[in-house]
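Trainee: If you want the building blocks of each chain, they are given just below.
2 protein chains.
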Amino acid sequence: MFSGLSAFPLTPMNEDRIDEAAFVGLLERLNAAGVDSIGALGSTGSYAYLTREERARVAKIAVEHAGNTPVIVGIGALRTRDVLNLADDAQKAGASGLLLAPMSYQKLNDEEVFQHFKAVSAAISVPLCVYDNPGTTHFHFSDELHGRIAELPNVASIKIPGVPNDPQEAKARVERLRAQIPSHVSIGVSGDAFAATGLSTGCDVWYSVIAGLFPNTALELTRAAQSGNHALAQQFSSRLQDLWDMFGRHNGSLRCIAAGAEILNLVDSPCLPLPLVSVQGEDRTRLARLIEQLELS
Amino acid sequence: MFSGLSAFPLTPMNEDRIDEAAFVGLLERLNAAGVDSIGALGSTGSYAYLTREERARVAKIAVEHAGNTPVIVGIGALRTRDVLNLADDAQKAGASGLLLAPMSYQKLNDEEVFQHFKAVSAAISVPLCVYDNPGTTHFHFSDELHGRIAELPNVASIKIPGVPNDPQEAKARVERLRAQIPSHVSIGVSGDAFAATGLSTGCDVWYSVIAGLFPNTALELTRAAQSGNHALAQQFSSRLQDLWDMFGRHNGSLRCIAAGAEILNLVDSPCLPLPLVSVQGEDRTRLARLIEQLELS
Chain C
1 MFSGLSAFPL TPMNEDRIDE AAFVGLLERL NAAGVDSIGA LGSTGSYAYL
51 TREERARVAK IAVEHAGNTP VIVGIGALRT RDVLNLADDA QKAGASGLLL
101 APMSYQKLND EEVFQHFKAV SAAISVPLCV YDNPGTTHFH FSDELHGRIA
151 ELPNVASIKI PGVPNDPQEA KARVERLRAQ IPSHVSIGVS GDAFAATGLS
201 TGCDVWYSVI AGLFPNTALE LTRAAQSGNH ALAQQFSSRL QDLWDMFGRH
251 NGSLRCIAAG AEILNLVDSP CLPLPLVSVQ GEDRTRLARL IEQLELS
Chain P
1 MFSGLSAFPL TPMNEDRIDE AAFVGLLERL NAAGVDSIGA LGSTGSYAYL
51 TREERARVAK IAVEHAGNTP VIVGIGALRT RDVLNLADDA QKAGASGLLL
101 APMSYQKLND EEVFQHFKAV SAAISVPLCV YDNPGTTHFH FSDELHGRIA
151 ELPNVASIKI PGVPNDPQEA KARVERLRAQ IPSHVSIGVS GDAFAATGLS
201 TGCDVWYSVI AGLFPNTALE LTRAAQSGNH ALAQQFSSRL QDLWDMFGRH
251 NGSLRCIAAG AEILNLVDSP CLPLPLVSVQ GEDRTRLARL IEQLELS
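Just so you know, the sequences run in chain order C and P.
Per this note's numbering, residue 1 is the first one in the first sequence, and the count goes up by one each step.
Per this note's numbering, residue 1 is the first one in the second sequence, and the count goes up by one each step.
Please keep in mind that the hints were generated in silico from the structure rather than gathered at the bench.
Incorrect hints may have been included.
Same chains, same names: a pair is fine if it fits in one copy or spans any two.
What the hints assert, rightly or not - In silico EDC-like pairs for lysine to aspartate or glutamate, Cα to Cα no more than 20 Å straight-line:
(1) 171 to 292
(2) 107 to 82
(3) 60 to 89
(4) 92 to 169
(5) 118 to 242
(6) 118 to 15
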């Protein structure tokens, strides 16, 4: 489950409710394309913006419509109490794995984060992926802390943010982390622009935002990397440079991917929870053109 | 309400429930001391860690036990939908004012924050304080954005983080903000170590963490500053330098103030929501000594 391509779909919603029909459509797209796993309620799935009840419902729908594809469910919350409840709900819904980011309001220290993961890992019965995303959590993992957490029961993967652009530096970075963690724990790269580099320098899995909307495009890159053709994977990535640049201009991928889903009428517009707003204006027009020209699918 | 000393008490809790009796004790302490307002469910009140139902209950208790002291209630949440509900609940509970921080998971842009405040300011009927706290929200207000928001209906105050240590720079910083906002909107300083400097350089109010536990100590400083005796206010602040240093060592004031309340048996221990843990070890012993030596009350 924690290898190859893991696709993170949007959770389409409006101010009143989750758009369940549109969510099912996204899931069926991923299942048909043959991604290796589906990451429901990741950052792209706006887990942090939903109630416990809504998250339980989304987890259930994801599992029901994923076919044979394993579903990883995001269980992050500010409070340990709430994470334990969310883990329970996700497991009852049939999640094959769980994804946990150390969300913060008060800045957390290493020991608090370790104890948080320890409490959760002791309470669950499916594999856990440690979600390292300083851009949203504002917590910076040291490799030493990753090592301590990776020894906990049920920990099976670490989702790291982007790797350095330079392949040598990227390789060194992944090797440093690999040296701290048990061999059964996989390392996954996120930050889609870094996928080709990450997969060529020791990452086992790509936790992918674009795969949630364009699974075939992401699979093409992943399969090239998995077959050892890293130059081809890099070519596929370079083709998408305009998309990576757009992510850079809009505080990350979410508002762009939401606009993409809206443009393709796969979801109603708007599909993000306020105050978040999908990309509008010139970049929206540019995105529509990119989807067509690059045949993103 | 948005002038003088505003005291922000802890919301004591454990993993099961809010400790209502202890919370009432803290409120009565503030009321007896004669603070100018009480800020319930601020960052110190762990608003971000509680459910809607718990927050409605805390707001109700705060108003019921504040005597004649006006109560400002924190209504921040990641989602505009939830903030509107929380504003409703707080007003029904009898809040005299509301406090809103632009909490974020996905990094927000200026227009999203403006529209968020616009939606809330249009839906409320009591004054609103804009809560600028980049340390927890990771959103950085420009003075220009403060100016736009300060023009919205019901906006009555801005709670800024610390001012520069240098009095000239602090004065310039407050004057720059003052020039952007209407005269009926007050400016309040937070970051307790900066209170004396802030109050001597144009801030109208001190939004204070220590006042939530040591209201008399904070009032002494505030009244000196209000009477124009800024040298004395600065002396009072310098006396507390060991406390400010301790805040610096523990990612801010919360874990220290929680330890202080635990040491004084005003709350059960632990009183913070996991994963947050109050100060332990040597600094806890040091804090107990400081409370005694400095006669903090």
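Trainee: Could you run down the list of hints and mark each one as holding or not?
Mentor: Now for the hints, and whether the structure bears them out:
When the C-alpha separation of residue 171 and residue 292 is checked against a cutoff of 20 Å, the pair qualifies neither within a copy, at 34 Å, nor between copies, at 55 Å. Taking the shortest Cα distances, residue 107 and residue 82 sit within 20 Å of each other inside one copy (18 Å), while across copies they are farther apart (23 Å). Taking the closest pair of Cα atoms, residue 60 and residue 89 come within 20 Å of each other only inside a single copy of the chain (9 Å); across copies the shortest separation is 30 Å, beyond that limit. Within a single copy, residue 92 and residue 169 get their C-alpha atoms no closer than 42 Å, and across copies no closer than 57 Å, so neither meets the 20 Å cut-off.
When the C-alpha separation of residue 118 and residue 242 is checked against a cutoff of 20 Å, the pair qualifies neither within a copy, at 41 Å, nor between copies, at 33 Å. In this homomeric assembly, residue 118 and residue 15 come within 20 Å of each other (Cα to Cα) only across copies, at 16 Å, whereas the closest approach inside a single copy is 35 Å.
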